[in-house]
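Both chains are given apart, each in its own frame, so use the hints to dock them into the complex.
Protein sequence lines, in the order shown, are assigned to chains A and B. Note that the working numbering gives residue 211 to position 211 of the first sequence, counting from 1, and the numbers run on in steps of one. Plus 278 on top of the position in the second sequence (first one is 1) and you've got the working numbering.
Think of the hints as simulated: they come from the structure by calculation, not from any bench. Computed from a predicted model, the values in this text were never measured in an experiment. Yeah, the Cβ is synthetic: ideal placement off N, Cα and C, and Gly gets one too. Please note that the accuracy of each hint is not assured.
What the hints assert, rightly or not - Here are the simulated distance ranges between beta carbons:
| id | chain 1 | residue 1 | chain 2 | residue 2 | range |
| --- | --- | --- | --- | --- | --- |
| 1 | B | 315 | A | 276 | 46 to 54 Å |
| 2 | A | 144 | B | 346 | 35 to 43 Å |
| 3 | B | 346 | A | 31 | 35 to 43 Å |
| 4 | B | 410 | A | 251 | 51 to 59 Å |
| 5 | B | 346 | A | 6 | 16 to 24 Å |
| 6 | B | 336 | A | 28 | 21 to 29 Å |
As the list claims (entries may be wrong) - Derived DSS-like pairs (lysine-lysine); straight-line CA-CA distance at most 25 Å:
| id | chain 1 | residue 1 | chain 2 | residue 2 |
| --- | --- | --- | --- | --- |
| 7 | B | 407 | A | 110 |
| 8 | B | 383 | A | 13 |
| 9 | A | 270 | A | 110 |
| 10 | B | 405 | A | 110 |
| 11 | B | 383 | A | 110 |
| 12 | A | 274 | B | 405 |
| 13 | B | 383 | A | 17 |
| 14 | A | 222 | A | 82 |
| 15 | B | 343 | A | 14 |
| 16 | B | 383 | A | 14 |
| 17 | A | 270 | B | 343 |
| 18 | B | 407 | A | 13 |
| 19 | A | 17 | A | 82 |
| 20 | A | 110 | B | 414 |
Listed below are the residues making up each chain.
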Amino acid sequence: MTNPLQFESPSFKKRIKGMLGVDFYRLFHTPMFYIFLFIAAIIPAMISAMTMMPSPDGGASTPLYSNLWQIIAASKSLYVIKTIADYANMNMVFIFGGIMVSVFIGHDYKSGYVKQLFTTHAKKQDYMISKSLVCAFAMACMCITYLIGGIVGGLFAGYDTSVNVLSLVVAVLGKMILSLGWASLYTFLNVIFRRYFGISIASSFFFGTGILIIGVAAIVEKLPIPTAILNIFLYGASVNANLSSGISALIVCIAVSLAWAFFYNFLGTKILSKSDVY
Amino acid sequence: MNAIEIRNLSKSFRGMYAVDHLNMTVPVGAIYGFIGENGSGKSTTEKLICGHLVPDEGQITLFGKDYTDPGVRVRVGALIENAGCFPNSSVYQNLKMQTINLGLKDADEQIARVLGIVRMEEHAKLKFKNCSLGMKQRIGIAMALLGEPALLILDEPINGLDTDGMRMMREILVDITKNYGCTVLISSHILGELEKIATHYGIIRQGKMIMELSAEEMDSRAQVFVSLKTEDMQSAKAVLQKNYRDVREEEGYLRVYDVDDTAAIVSLLMEHGQPVSEIKKNKIGLEEYYVELMSKKEEL
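Next up, chain B with everything else stripped away, as it sits in the complex (with noise of 0.2 Å):
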């Protein structure tokens, strides 16, 4: 059983499709990162998924079962856009508000719990409009947790967020899947924070899903490459590309493309009286792997 399963989604406004046929499957348990451009129609499938907006056409389905059976949907959690808070009322009052919407017995425990979770214990009795982004974004987190969600829903959670803030959304986001059992379905455009969490990636573009792979698969996808540098880079470079199929020279260093043997390219450089000043083996990160997919996709 998967946490979510969408298929042939579609959503038109005024006749421009924002989501165009789109399958999607979550398996339970995933950190799912949700990739696309702005206006890709990551949002619109979010909301579309937690009952927002109205499909024109597909299924979706949550656990197995309609997004729409009430007993599925009472245990989704959701940030999308913004928290979802009165301003004028404080952190704690928001908070219980849904402890009484969702029917939570032990409403001030439940409150605590999330709130020791997103590490906003000291600011229970703070107006919320009186709250900074960062702390705004984990309180719409704490909204979303209440009631133990079974899949949590999260747009651009680390949007506005200074380092430690995003240390700490990452740090909750892999506490809640691997303690609570819960699914997380993250859209963000901070792909270098989404690739230390994500367990699962899709990929959207102009409505439609382009690609769905695991971390795994992304991992044995990404390229390898030996970056370097010498005093002479381009007589280097000759020497390099009489050897190697692959070689680039990118922001300042030359890189060698599959291949991550160091000690060979340090003594073949030396052979040529190239002498090496820096090496070092990489990968291809998120971000570099998705910028490539896009361009290819526009030149087909």
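Okay, chain A solo, but in the shape it has when bound (with noise of 0.2 Å):
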């Protein structure tokens, strides 16, 4: 038996094992994780499918892509998007990831579970890095699966395959490591908005969807002002990561994923110590 009077403080990696063991445990242990997946491989499969388009003027259909690989990313950098093959690509991720979060997180205070985790974390930053890594992880499954059902999608439609390899490797990894700067923002929002799950939910779909980029966009078009600022943004970044994309724009992604994920858990980590748990 362990002396009752001994208290030793776990160190910062003990106490953050604990917690993403935790979160990894029931992550894979809830269908949820799986339907998503699931949701993110048909979402391409279903657009691939819906091969043509109606032409605006009401003339002959288009193809809705040129390119097979096009459904994973853009062809370019399009901030304001003018079809819906220009939004359809992997960026969807990060909507079906927000509300997975929000999922995931929600269930943590409905069950009464977060009781047992901050009784026993007094650091309330192990909360926040914790969601943001196992729900970054579950994104970053999610673009995979994404990938996966493109490309069948994809295949069974018949679109050209010809792409530059280097840019595809970088728009999908670029994704997948944004899905650390996503994920910290959904867990951000889950715990500013951790009584009321409908606008936990809401809100993550309303940033997922980066229409508040897209907005700003359609007004930065119009100005003197180089589009790229837009980069500096999580939707702006994964934007940028596209099929004619180079290294550079993997470091981008790097470094936006990085700098946001610090802000959100910093920010979620102060609110978190700061006011009442639940």
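Take a look at the structure:
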């Protein structure tokens, strides 16, 4: 038996290992994770199946994509979208991811398990870091199933498969890396709206669509400012990781993802430390 | 060193104090019965100790360390409001998660141990949502017991339990304090049950601690009395009032307070032609003491 009056402070590594262990255990033991992986795979397959898109002027229908890999990423940085094809690519994983993070964190609160976590973990950063990492992992997995679904769907639709492999790798890796930044944003939103499950989901969905950046981009395009400035945001960096990107886009993704992850984790920890946790 | 030491602790919600400059001392190894009406601030105090709520002011130390110290908090087990388990996960899975959370190496051994303590070995595979209320409470205790906590905080753990469940819970709590050296802070409305196990009491009202005392002090303060029945209660009462200071007719009995000599009372009544049909020695219990204390405070 442990001496009841000996209190050894667990190291940061030990604390995070414990919290991550619980979150990964939960993730792998909940059907929700597998459902979202399936959704991430089936959506690009379905979009690929909608191979034709009506012409805006009422003329002959045109193919939705000209190339299979456009299901994964846009052919160039399109901050302002004009067609569904400009928008419907792997960036959609961040919308599904937002909903998944909200449900995942919401269950912590709904079940009351969060009380166990906060009783034994005095440091609130443990919670923020663990949730961000686990949800980033889940979203990265969704990127992979999206990729598989997109390839299978695209092949069935008979799209052209020619691609610059380096750009494709940069685009996919970039989006997977950005999962960390997105997951941190969603964890932060869910911490803010922890008492309101519906608002948590709605806000995650809202930010995940990138509608804010799309709106800002529409303004920026009319100003003498380079639209590349939008790459400092998560959605901007996601758009920048496309089929014409080079290594620099990947570096931008790493920097943006880490910076926003740090920012949201720092802010979330502050909020949790200064306010009642439930 | 005390297990819990609280000084000047306050917590308000929308300008109303739920805990109002509260002081509290829980000695190491105690079973501390935390008593108070609904909304008196018991649960809020417990949540503050567990770090779920942020205090407006005041200090909380656990085993001489600040309550935010990760070393001390990892040795706190809590059951507040509910067990805090995932309904679609099995009992085993919920306990497994807590062992991972606490970084326990021998998870299965620990789970078997706590399930044994709460006598739930047979139900490890049952989904939490399919458990009865009593089982859920016991699982909550089992969760709190993982990792051999130095301090257990239990909010109404015997709520909804049947007589057998209450007895079992009582035995569990006595066992963990004696055999595992654990300190227990327990709040309950069922004062009769609390009285059987508590070594210390804290009485809270409107967020303020109005009294802290040990079970021995409680015992010495508890009034003794003799209750009896005769055929003619009014005549017997008149005889007794001439000889004893405090005689009351309560709950169908005549009660003679601060007296425990039944033989003297029987012979006195016999002398006055009042045969006693029933007589017993009594002591005011925690519940009556608490009610009396509350009514006195209300009068003030």
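Going down the list of hints, with the structure as the test:
Taking 46 to 54 Å as the suggested C-beta distance range, the pair residue 315 (chain B) and residue 276 (chain A) does not conform, at roughly 23 Å. Here the CB-CB span from residue 144 (chain A) to residue 346 (chain B) is close to 40 Å, well matched to the stated 35 to 43 Å. The hint said 35 to 43 Å for the Cβ distance between residue 346 (chain B) and residue 31 (chain A), and at roughly 37 Å that hint holds. For residue 410 (chain B) and residue 251 (chain A), the Cβ-Cβ distance of about 57 Å falls inside the hinted range of 51 to 59 Å, so the restraint holds.
One distance hint, 16 to 24 Å for the beta-carbon pair residue 346 (chain B) and residue 6 (chain A), holds here, with the actual separation near 19 Å. Separated by about 42 Å at the C-beta atoms, residue 336 (chain B) and residue 28 (chain A) break the suggested range of 21 to 29 Å. Annotation: proposed proximity of residue 407 (chain B) to residue 110 (chain A) holds, straight-line Cα distance about 13 Å (limit 25 Å). Among the hinted pairs, residue 383 (chain B) with residue 13 (chain A) is consistent with the structure: their alpha-carbon atoms are about 15 Å apart, no more than 25 Å.
Using a Cα cut-off of 25 Å, the hinted pair residue 270 (chain A) and residue 110 (chain A) holds, with the two alpha carbons roughly 22 Å apart. Restraint check: the Cα-Cα separation between residue 405 (chain B) and residue 110 (chain A) comes to about 17 Å, which is no more than 25 Å; the hinted pair holds. Of the pairs offered as hints, the one joining residue 383 (chain B) and residue 110 (chain A) is violated, with about 28 Å between alpha carbons and a cut-off of 25 Å exceeded. Straight-line distance between C-alpha atoms of residue 274 (chain A) and residue 405 (chain B) comes to about 36 Å, which puts the hinted pair past the 25 Å bound.
At roughly 12 Å between alpha-carbon atoms, residue 383 (chain B) and residue 17 (chain A) fall within 25 Å of each other, so this suggested pair holds. Distance restraint check for residue 222 (chain A) and residue 82 (chain A): the Cα-Cα separation of roughly 16 Å lies within the 25 Å cut-off, and the hinted pair is therefore satisfied. About 20 Å separates the Cα atoms of residue 343 (chain B) and residue 14 (chain A), which keeps this hinted pair within 25 Å; it holds. A C-alpha spacing of about 12 Å is found between residue 383 (chain B) and residue 14 (chain A), which places the hinted pair at or below 25 Å, so the restraint holds.
About 22 Å separates the Cα atoms of residue 270 (chain A) and residue 343 (chain B), which keeps this hinted pair within 25 Å; it holds. For the given pair, residue 407 (chain B) sits about 33 Å from residue 13 (chain A) by alpha-carbon distance, which is inconsistent with the 25 Å threshold. Proposed proximity of residue 17 (chain A) and residue 82 (chain A) is contradicted: the alpha carbons are some 45 Å apart, above 25 Å. Distance restraint check for residue 110 (chain A) and residue 414 (chain B): the Cα-Cα separation of roughly 16 Å lies within the 25 Å cut-off, and the hinted pair is therefore satisfied.
Violated hints, in rising order: 1, 6, 11, 12, 18, 19; the structure is consistent with all others.
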